[in-house]
Amino acid sequence: MPLHGTRFQQNPGEMYRKLRTTHGPVAPVELEGGLPAWFVLGYSEVCQVESNPGLFARDTRRWNAWDRVPDDWPLMPFVGYTPSLMFTEGAEHRRRTGAVGDALAAVDPFELRSACEQVADGLIDEFTGSGQSDLMAQFAHPMPLRVMARLYGMADDEAGPLMQDLTDTVASDDGVAAYQRIYDRMRALVETKKQRRGPDVPSRMLDHAAGLSDEELLQDLLVVLTAAQQPVAYWIGNAIRLMLTDIRFAVTFTGGRRSVGQALTEVLWEDTPTQNFIGRFATRDTNLGGQRIRTGDMLVLGFAAANTDPHVRPDFYSDSIGNDAHLSFGHGEHGCPYPGPQTGEVIARTAIEVLLERLPDLALSVRADDLVWLPSVWMRGLAELPVQFSPGVPVR
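Residue numbers for the sequence shown follow my numbering, beginning at 451 and rising by one.
These are calculated hints, taken from the structure and not from any lab test. Where is the CB? At the ideal position from N, CA and C, for every residue including glycine. Treat each hint with caution, since some may be false.
[Stated by the list, open to error] Cut-off 20 Å, straight-line C-alpha distance, at most; resulting in silico cross-link-like pairs (SDA-like, lysine to any residue):
#1 Lys468 with Pro825
#2 Lys468 with Pro486
#3 Lys644 with Ala659
[Stated by the list, open to error] The following label-pair restraints were derived from C-beta to C-beta distances:
#4 Glu480 with Gln792: 31 to 39 Å
#5 Glu480 with Asn737: 15 to 23 Å
#6 Glu567 with Glu834: 24 to 32 Å
Could you put together the complete structure from these sequences and hints?
Here's what the structure looks like:
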């Protein structure tokens with residue numbers, strides 16, 4: 451089955467069920483360009499792959515189909531090798547992720563929450579007087595980036611151009627040039643922090659015992675920035691959509707705070723922002739989920755499919771609330787390093803709580819069925835989230 455196209459847009463769960471019924475927990479699929487891969491749908495099989503980095507490795511240069519990849523392949527941004535922690539393995543990976551994890555762990559949680567509140571208020575101030583907004587463009591997308599810019603010690607006015615460049619890397623013909631601009635911004639940031647340290651993530655990584663080179667630091671800062679922006683943005687948007695459309699959240703919606711955590715957790719189970727992830731590459735011939743995997747074969751990790759695997763969740767909603775055993779942040783050595791998920795949750799939770807406080811009568815301005823999901827196999831998020839509310843006044 452082709453693992454691309456609009457069939458995954460509105461109801462990807464149906465496609466995952468068909469694949470599981472036909473092939474079991476591991477299915478042969480075709481990526482864009484007719485390139486082969488194995489799609490891992492089973493919860494236990496995803497855990498097995500992520501728990502065995504020696505057998506299912508991360509370095510994309512291991513792929514046995516590179517001789518068939520065209521230069522303009524649209525999935526090259528996901529698969530093309532870069533010298534970042536995303537593609538390192540073993541001790542080298544632990545060295546790099548240790549620096550990232552320690553730098554994020556040193557962020558004061560109260561200062562993080564305060565920064566999130568300030569950013570959320572500032573974003574809402576920009577549209578509160580109009581009584582309407584596209585919350586994806588005006589709130590969910592810029593929210594995590596502006597917070598991360600502060601954690602990086604960047605000025606607030608640098609976040610806007612950075613946001614535009616990140617958008618252009620995947621949604622513009624100017625993608626290569628946009629990526630180069632982001633790269634240049636990170637390089638300039640590293641040079642600045644080398645001359646003048648601050649209470650920020652890049653400075654802590656510079657001083658870390660891992661001894662990162664300038665290029666390693668630059669590449670890993672890029673990884674953390676991009677990993678925080680899109681997934682957290684869609685986490686915010688998907689949770690707001692759930693709270694505005696699901697009757698189970700309507701009773702407490704005006705109060706907001708008690709339901710936000712439940713909405714965020716349920717989204718990770720039912721509409722996780724990172725649906726599927728490329729990937730892992732077999733280091734030798736092996737068997738997985740009843741399929742024969744050859745050396746160098748690509749495995750695509752189906753996080754969304756695994757989270758709804760009937761073998762672990764036979765009752766669709768029964769164990770979402772309070773259950774954090776989802777695979778939305780990955781698992782094992784190459785999962786999102788601690789405390790990345792916790793940082794993302796603070797950003798998402800604070801954003802929604804501030805939004806509910808400021809706009810208590812928030813409502814969709816279109817029918818729920820008219821909301822359009824992105825035509826993406828990889829990310830699960832709304833193209834737009836149009837809302838209306840009583841006009842307010844800025845607080846800052």
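Check: Would the pair lysine 468 and proline 486 pass a check requiring their Cα atoms to be no farther apart than 20 Å?
Finding: Cα-Cα ~18 Å, so holds.
Next item on the list: Given the range 31 to 39 Å, decide if the beta-carbon distance of glutamate 480 to glutamine 792 lies inside it.
Entry: holds (37 Å)
Next item on the list: Could you grab the alpha-carbon distance between lysine 468 and proline 825 and see if it respects the 20 Å cut-off?
Entry: holds (19 Å)
Next item on the list: Please test the hint of 24 to 32 Å on the beta carbon pair from glutamate 567 and glutamate 834.
Entry: holds (25 Å)
Next item on the list: Return holds or violated for the Cβ distance of glutamate 480 and asparagine 737 against the range 15 to 23 Å.
Entry: Since the Cβ atoms of glutamate 480 and asparagine 737 sit about 21 Å apart, the hinted range of 15 to 23 Å holds.
Item checked: Pair hint outcome, lysine 644 versus alanine 659 [Cα-Cα no greater than 20 Å] -> holds (15 Å)
Violation of the numbered hints given earlier is absent; every hint is satisfied by the structure.
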